[in-house]
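Chemist: All chains should be built: construct the whole structure from the sequences, respecting the hints.
Chains as they are written, first to last, in the working numbering: chain A, 213 to 407; chain D, 110 to 218.
Don't read these hints as lab results, they were simulated from the structure. The structure displayed is predicted, hence computed values, not measured ones. Note that the Cβ used here is the ideal one computed from N, Cα and C, for glycine as well. Check each hint, because a few of them may be wrong.
Result set (DSS-like, lysine-lysine): computed pairs, CA atoms no more than 27 Å apart in a straight line [claimed, not checked]: (1) D:Lys140 to A:Lys292; (2) A:Lys263 to A:Lys275; (3) A:Lys275 to D:Lys140.
From the structure, some residues in chain D lie toward chain A, with a derived Cβ separation under 10 Å [as the list claims (entries may be wrong)]: (4) Phe129; (5) Gly135; (6) Asp143; (7) Tyr162; (8) Arg194.
Given next are the chains, with one letter for each unit.
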Amino acid sequence: MRRRLVSDAPRPEVTDPLRGAAQALHWQLGHRGYIMLQRRTHPSFVRYIDKSREYYAAHGYDKPYAWAHYADVPFCGLSKPLAESRIGLVTTADRAPREQGRDARLYAEPVERSEPLYTEMFWDRDATHTDDPESFLPRASMARQRDAGRIGSLSPRFYGLPTDYSQRRTLEHDAPRIEAWMREDGVEAAVLVAL
Amino acid sequence: MVIGSARDIVEECGVARFLFVDFPLGNPCGKPWDRGMQDAIASAALDLLERAYVPRTTIQRPEIWNPSDDLGWRDNFMRVDYSNRAALARAGQARRRAQAAAKAGQSDG
Chain A
213 MRRRLVSDAP RPEVTDPLRG AAQALHWQLG HRGYIMLQRR THPSFVRYID
263 KSREYYAAHG YDKPYAWAHY ADVPFCGLSK PLAESRIGLV TTADRAPREQ
313 GRDARLYAEP VERSEPLYTE MFWDRDATHT DDPESFLPRA SMARQRDAGR
363 IGSLSPRFYG LPTDYSQRRT LEHDAPRIEA WMREDGVEAA VLVAL
Chain D
110 MVIGSARDIV EECGVARFLF VDFPLGNPCG KPWDRGMQDA IASAALDLLE
160 RAYVPRTTIQ RPEIWNPSDD LGWRDNFMRV DYSNRAALAR AGQARRRAQA
210 AAKAGQSDG
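Modeler: Written out as structure tokens, the structure is:
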């Protein structure tokens, strides 16, 4: 049986992600007096690629979905300090029910828009819900970060890239459209939250 | 950068920076209505944005969805076992029949 072992003590906030491992070790030593080795036969995170392939195979679909994979991944550092940078938020949620045509699905909306977002696609309906939009699109959290001076500004619009199973459409049509909107708005770094 | 809860899917694709929150799909920015947790995750995302210096940097958040049973939701999601295999096969057949009927209806119309 797999078992997740949890310390009795609250885990300290990791303030520096690159020192996170050292802090976690310190926490375990400090509260337990020894390093807690966990042995596992399975990875702790859920393997969605395996799960979904087996799930659809059990439904009789014999051609599994082929997930995107890149051997090389580009990287770009911030061009100026975070406290001077404009951040744009991207969501995979829809702004309207799904029956509308696909071209109408991409959107850029004012960040203070209060109408509900629609989350009809792939998520765990048994374990949770999406009634709190802040749980999948951190507009208010990022506004508080801005008010605290952590980021320069939040883009006046957020961007919708609703879930689509076509990688070709995502790459050739959707991504350039979202990028163009971000450039219009002077966005310098994008935070994409995948639902 | 990406915030998400499907570690294998995002890492297979490969992104510059990935903040991994080990929760059921649907709430990668924190538990619903938990503003303290949501602010901590947003802040961690900005840390990662600022400090990562190579692509494929993944940081895992320490939050645990359900400290008293953190396996149940993992096992339950898209579960396939002896108890539901026949039902899933029937559901798949019914869906394919419905799709075929809809397609035939369209071409007739």
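Chemist: Would you mind marking each hint as holding or not holding in the structure?
Modeler: Results for each hint:
At roughly 32 Å between alpha-carbon atoms, Lys140 of chain D and Lys292 of chain A are farther apart than 27 Å, so this suggested pair is violated. Only pairs whose Cα atoms come within 27 Å are accepted, and Lys263 of chain A paired with Lys275 of chain A is accepted, the gap being roughly 14 Å. For the hint linking Lys275 of chain A to Lys140 of chain D, the alpha-carbon distance of about 35 Å lies beyond 27 Å, and the restraint is violated. Using the Cβ-Cβ criterion of 10 Å, the hint placing Phe129 of chain D at the interface with chain A is satisfied: the shortest such distance is roughly 7 Å.
Interface hint at Gly135 of chain D: satisfied, since its Cβ lies 4 Å from the closest Cβ of chain A, which is below the 10 Å cut-off. Annotation: interface hint on Asp143 of chain D holds; nearest CB of chain A at approximately 8 Å, less than 10 Å. Residue-level restraint check for Tyr162 of chain D holds (minimum Cβ-Cβ distance to chain A is 7 Å; threshold 10 Å). A least Cβ separation of about 6 Å between Arg194 of chain D and chain A falls short of the 10 Å threshold, and the interface hint therefore holds.
The structure fails hints 1 and 3 (numbered hints given earlier, in ascending order).
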